[in-house]
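Going down the list, the protein sequences come from chains W and V. Residues in the first sequence are numbered consecutively from 1, following the numbering used here. Residues in the second sequence are numbered consecutively from 346, following the numbering used here.
A portion of the hints provided could be inaccurate.
Stated by the list, open to error - A few chain V positions that, by computed beta-carbon distances, are all more than 10 Å from chain W:
id, residue
1, Val380
2, Glu445
3, Asp446
4, Leu461
Unchecked claim - Residues from chain W that keep clear of chain V, each with C-beta distances beyond 10 Å, as calculated:
id, residue
5, Glu4
6, His127
7, Pro170
8, Tyr219
9, Gly237
10, Ala271
11, Arg306
12, Cys326
13, Ala329
14, Ile340
Unchecked claim - Derived pair list, reagent style EDC-like, types lysine to aspartate or glutamate, alpha-carbon separation capped at 20 Å:
id, chain 1, residue 1, chain 2, residue 2
15, W, Lys64, V, Glu374
16, W, Lys85, W, Asp270
17, W, Lys61, V, Glu378
Source of the hints: derived by calculation from the structure; they are not laboratory data. We put the CB at the ideal spot given by N, CA and C, even for glycine.
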Amino acid sequence: MAFEIFERELAVLKDATAVLEKGEIVDASDAQRYAQLIKDYEKLLKSSRRLVRLSDRTEEKLNKLARSFDEKNRMLEGLSVKLSKYLSPQVYHSIFSGEQDVVLSTKRKKLTVFFSDIKDFTGTTEHLQPEDLAEVLNRYFSEMSKIALQYGATIDKFIGDAMVMFFGDPESKGVQEDARICVQMAVAMQRRMRELEQIWRESGNEKPFRMRIGINTGYCNVGNFGSDQRMDYTIIGSEVNLAARLESKAKAGGILMSYETYALVRDMVDATERAPVKVKGIDREIRSFALNDIYDEKLSERRFLRNSREGMILLLDKDKLDQEGCQQAVTDLEAALHEIKGWLE
Amino acid sequence: MENLNIQATQRTPEVDFNFEKSIFFLRGESYPEDVTSFYGPVISQLREHLASREGVEISFGFELIYFNSSTAKILFGLFENLDEAASAGNKVNITWAFEEDDDNMEEMGAEFAEDLEHADFQLKQLKG
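Only chain W is shown next, with the shape it has when bound in the complex (with noise of 0.2 Å):
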């Protein structure tokens, strides 16, 4: 006989079934209670029969159902890595956590906003083959993205040549500190960019790319823009396009800061003081400054002390202090912690 999931069932039946055919039950009236006994149970045994059958066909509906899903998931998983590419992280992220709806919406926040482009890119590139031209775009746009990352700048666009990022949104460390790590990035950039420089050089690029960087901090327009259809998580106002003015009239392998920015950043980088211009779509003149250097260790490869925290600030620059401008330090120091014992006492 063939194996069956209900045997045992089955043989109870089976012997309750001889005990009534064979009339051991003598009295008719218990005999009649037997049999509907086994009717009741033949009927349980059938029930739970189908039960099995029932359960086990909609597991296996359930079950296919569960591994479409997986596939479906893992189909949405590798869809969204792809178009995470498309995305600067932070936006992704906030959108992937549902921490940002997507909806045309915008707000008003204080950014530091930073351009970039290639100073004479049409010159510089007409030389170039449209494969090499690419093969050196994609290079530069990798490396640079690569380090925007590292510092956690939000990458607005690529236009052509140029890049658009920005600090503040949809993560903020603080106006000061955006500021800060923008700048940071922008030094890393370049010096990056001479490093390049030396590469494309030696493989026989007579004009490697130089990169012009504009940087500008205040309140932008930030958020979702453009149709239900088709939208764009970028920013928008006077102050983007001061930062586009900047880098426009920043010198080949420069930064060029306003003075919004410079005031947050000005304990930690050595910059000159351009002549105030004006600029195309703004009224007032804008004062802007040039960076020579930042005094970072890590970036800098400046002689230098500086220390700061709050009741301090000491910046000692070996490039900027001749001999007498030693001397003098010395002088200085030596007062100061004179008056800083007195003060101890």
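With chain W's structure known, arrange chain V on it following the hints.
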């Protein structure tokens, strides 16, 4: 009796029955297309073996990740067979292993063990 080794498939578990040592394992997922044709020969060999044992140590390990209702019915029968073997004077140890965080499988093991009167039963959590 020859040992029984059936590799797991997507729908059927690994069957590792060592009749010589009376050590048995069922591992994996169980929702066979035809439950009777898969379990029929396995269960009948096991029953035959259990019925012939006396005063020996028998160990049965379950490491199931998922099973359907028909398999559950088979497992109820299997537990009864093992308990009967224990009642016949054998030392029967049943281990029900479940994956970490699989509360459902842990609960199932406890339910299967509820009717055991003679066999020893142990729940075991598998490490990550």
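Quick check for students: does the CB of Cys326 (chain W) sit more than 10 Å from each CB in chain V? holds, 62 Å
Assertion that Ala271 (chain W) lies outside the chain V interface [Cβ separation over 10 Å]: holds, 54 Å
Would you say Ile340 (chain W) is clear of chain V, with no C-beta pair closer than or equal to 10 Å? Holds, because the least Cβ-Cβ distance between Ile340 (chain W) and chain V comes to about 58 Å, which exceeds 10 Å.
Arg306 (chain W) clear of chain V by more than 10 Å, beta carbon to beta carbon? holds, 48 Å
Are all C-beta atoms of chain W more than 10 Å from that of Glu445 (chain V)? Given that every Cβ of chain W is farther than 10 Å from that of Glu445 (chain V), nearest at about 20 Å, it holds.
Consistency of the no-contact label for Asp446 (chain V), given chain W and a CB cut of 10 Å: Given a closest Cβ separation of 17 Å, the condition holds.
Status of His127 (chain W), Cβ more than 10 Å from any chain V Cβ: holds, 59 Å
10 Å cut-off, C-beta based - Gly237 (chain W) kept clear of every residue in chain V: Since the minimum Cβ distance to chain V is about 50 Å, Gly237 (chain W) lies beyond 10 Å and the statement holds.
For Lys61 (chain W) and Glu378 (chain V), compute the direct alpha-carbon distance and say whether it is at most 20 Å. holds, 13 Å
Hey, is Pro170 (chain W) genuinely clear of chain V, shortest beta carbon separation above 10 Å? holds, 33 Å
Given pair status - Glu374 (chain V), Lys64 (chain W), alpha carbons within 20 Å: Roughly 15 Å between the alpha carbons, so the hint for Lys64 (chain W) and Glu374 (chain V) holds.
Taking the closest pair, is the beta carbon of Glu4 (chain W) still more than 10 Å from chain V? Check fails; 7 Å does not lie beyond 10 Å.
Violated hints for the displayed structure, listed by number in ascending order: 1, 5, 16.
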